[in-house]
Amino acid sequence: VIKVASIPTAKLQVYFIDNEDYFHRKSALVDKNDKFHPDNDERAIFFCKGVLETVKKLGWSPDIVHCNDWMTSLIPLYLKTTYKKDPVFKDAKSVFTVYNNEFADKFEGNLVEKAKMLDIDDDMLKELKSNDFSGFVKLGMEYADTVVRSDEDFSDNLNGLFQEYASRKRLSQVAADENLLSSYQALYDELSH
38 VIKVASIPTA
48 KLQVYFIDNE
58 DYFHRKSALV
68 DKNDKFHPDN
78 DERAIFFCKG
88 VLETVKKLGW
98 SPDIVHCNDW
108 MTSLIPLYLK
118 TTYKKDPVFK
128 DAKSVFTVYN
138 NEFADKFEGN
148 LVEKAKMLDI
158 DDDMLKELKS
168 NDFSGFVKLG
178 MEYADTVVRS
188 DEDFSDNLNG
198 LFQEYASRKR
208 LSQVAADENL
218 LSSYQALYDE
228 LSH
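In this text, residue positions in the sequence shown follow the numbering used here: the first is 38, and each later residue adds one.
Among the hints, a few may not be true.
Stated by the list, open to error - FRET-style restraints, in silico, Cβ to Cβ:
#1 Ser167 / His74: 31 to 39 Å
#2 Phe53 / Asp100: 20 to 28 Å
#3 Arg205 / Asn138: 39 to 47 Å
#4 Glu201 / Phe140: 17 to 25 Å
#5 Asn196 / Lys94: 19 to 27 Å
#6 Asp55 / Phe140: 23 to 31 Å
#7 Ile39 / His74: 36 to 44 Å
#8 Ala223 / Glu150: 21 to 29 Å
#9 Ala141 / Trp97: 33 to 41 Å
#10 Asn56 / Glu145: 16 to 24 Å
#11 Ala42 / Asp190: 13 to 21 Å
#12 Val125 / Asp193: 25 to 33 Å
#13 Asp190 / Leu155: 19 to 27 Å
Claimed, not checked - With a cut-off of at most 25 Å between alpha-carbon atoms, the simulated PhoX-like pairs for lysine-lysine come out as follows:
#14 Lys175 / Lys127
#15 Lys63 / Lys143
#16 Lys93 / Lys117
Calculated from the structure, these hints are not laboratory results. We put the CB at the ideal spot given by N, CA and C, even for glycine.
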């Protein structure tokens, strides 16, 4: 379900991906007893697919698709495989920003089967076999055109992931101060040319 709202003073329309089973909760990742929602992986997968299908349905052709953190990490993969030949996405570049939001909880079930789509084989999803946060982040970093590190103070695990991908990817550190907007603008300008 797609819901539309507007902010009249900003002359802005906002589109929401909704699903009563996944998103009608008072918490994001854990319940009131601090227990990890068992369907967090399915919620992320649904959101990624829903966003791309919404953009396709509305006929928007984005220059840049900016994905923020693990919950959106499948979008760069989907753009490079399932949606690669779609005219709406043919020129789109992806930016994947990682935040210091690491958690130790494990996802349930077979993530590879849940995340699979057209033109995606098991090997492309091998990082998800870990059933954890790192698997999603590795996948986002692998398929994004650019990876942005949102914070200088990352865990040892996240620092390790950045070092692992540094030799193969364009990685950026976005300034966490008043230069944030200009840092992103410079990155977007470079990707668009």
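Each hint tested on the structure:
Roughly 19 Å separates the CB atoms of serine 167 and histidine 74, a value that falls outside the hinted 31 to 39 Å. With their beta carbons about 22 Å apart, phenylalanine 53 and aspartate 100 fall inside the hinted range of 20 to 28 Å. A hinted range of 39 to 47 Å is violated for the C-beta pair arginine 205 and asparagine 138, which are about 24 Å apart. Against the hinted window of 17 to 25 Å, the Cβ-Cβ separation of glutamate 201 and phenylalanine 140 comes to about 20 Å, which satisfies the hint.
Between asparagine 196 and lysine 94 the CB atoms are about 39 Å apart, so this pair departs from the stated range of 19 to 27 Å. Checked against the hint of 23 to 31 Å, the C-beta distance between aspartate 55 and phenylalanine 140 comes to roughly 24 Å, which is consistent with it. The beta-carbon spacing between isoleucine 39 and histidine 74, approximately 23 Å, falls outside the hinted interval of 36 to 44 Å. Our hint of 21 to 29 Å for alanine 223 and glutamate 150 is violated, since their Cβ atoms are close to 40 Å apart.
Here the CB-CB span from alanine 141 to tryptophan 97 is close to 37 Å, well matched to the stated 33 to 41 Å. With their beta carbons about 18 Å apart, asparagine 56 and glutamate 145 fall inside the hinted range of 16 to 24 Å. Between alanine 42 and aspartate 190 the beta carbon distance is about 35 Å. The supplied range of 13 to 21 Å is therefore violated. A hinted range of 25 to 33 Å is violated for the C-beta pair valine 125 and aspartate 193, which are about 40 Å apart.
Between aspartate 190 and leucine 155 the beta carbon distance is about 39 Å. The supplied range of 19 to 27 Å is therefore violated. The straight-line distance between the Cα atoms of lysine 175 and lysine 127 is roughly 23 Å, inside the 25 Å bound, and the hint therefore holds. The straight-line distance between the Cα atoms of lysine 63 and lysine 143 is roughly 21 Å, inside the 25 Å bound, and the hint therefore holds. With a CA separation close to 15 Å, the supplied pair lysine 93 and lysine 117 stays within the 25 Å bound.
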